[in-house]
Amino acid sequence: MKLIRTHPFSINRVSDFEGWFRHPLAGLPSLSSFINNLGEAFPGVAGDKLAVDVHEDKDNYFASFEVPGVKKEDVKLELNNGLLTVSAEKRTKDGEKETSSSLTRSVSVPDGVNAEAIAAKLTDGILTVTLPKQERNKPRSITLS
Amino acid sequence: MNTTCSPRNCTPATSGVTESLRKPLYNINGNAEAYDIRVELPGVPKSSVKLDLEEDILSIRGERSTTVPEGMKTLHRELSPLNYLLRLRLNAPVNEEQMVAQFEDGVLSLRLPLKEVAKPRQIPVL
Numbered sequence: 001m002k003l004i005r006t007h008p009f010s011i012n013r014v015s016d017f018e019g020w021f022r023h024p025l026a027g028l029p030s031l032s033s034f035i036n037n038l039g040e041a042f043p044g045v046a047g048d049k050l051a052v053d054v055h056e057d058k059d060n061y062f063a064s065f066e067v068p069g070v071k072k073e074d075v076k077l078e079l080n081n082g083l084l085t086v087s088a089e090k091r092t093k094d095g096e097k098e099t100s101s102s103l104t105r106s107v108s109v110p111d112g113v114n115a116e117a118i119a120a121k122l123t124d125g126i127l128t129v130t131l132p133k134q135e136r137n138k139p140r141s142i143t144l145s
Numbered sequence: 001m002n003t004t005c006s007p008r009n010c011t012p013a014t015s016g017v018t019e020s021l022r023k024p025l026y027n028i029n030g031n032a033e034a035y036d037i038r039v040e041l042p043g044v045p046k047s048s049v050k051l052d053l054e055e056d057i058l059s060i061r062g063e064r065s066t067t068v069p070e071g072m073k074t075l076h077r078e079l080s081p082l083n084y085l086l087r088l089r090l091n092a093p094v095n096e097e098q099m100v101a102q103f104e105d106g107v108l109s110l111r112l113p114l115k116e117v118a119k120p121r122q123i124p125v126l
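Chains as they are written, first to last, in my numbering: chain A, 1 to 145; chain B, 1 to 126.
Think of the hints as simulated: they come from the structure by calculation, not from any bench. Here the structure is a predicted model, which is why all the values come from computation and not from measurement. All residues carry an ideal CB built from backbone N, CA and C; glycine is no exception. Every clue listed holds true.
Simulated restraints, written as ranges between beta carbons of each label pair:
hint, chain 1, residue 1, chain 2, residue 2, range
1, B, Asn91, A, Glu116, 53 to 59 Å
2, A, Arg91, B, Glu78, 22 to 28 Å
3, A, Pro139, B, Gln98, 57 to 63 Å
If we strip away everything but chain A, and leave its shape as in the complex, we get (with noise of 0.2 Å):
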């Protein structure tokens, strides 16, 4: 027989990642990304908030953050105060001229994600940042002799 043994918080693993998006800055748009939208022609298509899925494995948390045409060196990742914060530029060529917006997204991290060990790959458009679980939080199975 095994018994499963998990993080106590981790019994409430609904709550545990809508935690994600409660903290009172998640998912606010930065002031600069606000007045891009203003001159926006078509709002939502390019000030838009960044679209960002999460997903877990028992090691880690994965976001996955859509940023197409964004190059790696305009991409800056953040994490402060428990809120991950994605800033992305953007530089469209429009024929001659070059526009550029900024696009920004922050999600907050559960408590138990090893900070020193977040890394970030851009791939396709898609940024990915792996949050590692830190070794008490992750699932531990003990067995019975």
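Chain B: place on chain A using the hints.
For chain B alone, coordinates are given in the frame of chain A:
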């Protein structure tokens, strides 16, 4: 959805698409020389972008790579898993041999040079 396009404007037309697909965000710029089309296809690897020009219909198809590997649990979902399809009806003849396509960072950039007959002509006043 089909779209009829000229270098100056685009108007939606009726469609006959049955598969669950979505229209990507796109931009078209045109001048006397060429159409410049920019299509956002985030999540699509370069090898899964298919371009097809049949008569005056340009089809751009992008298959998303599966974003959720097996054994992973989804906690929050905003990105659509649907593949992309954009069909554009070109109302000026383009020079197929000189079409240039580039795909970078999830964005497809296309340049469709117009055929000579479609370019504006200067008529000198004698």
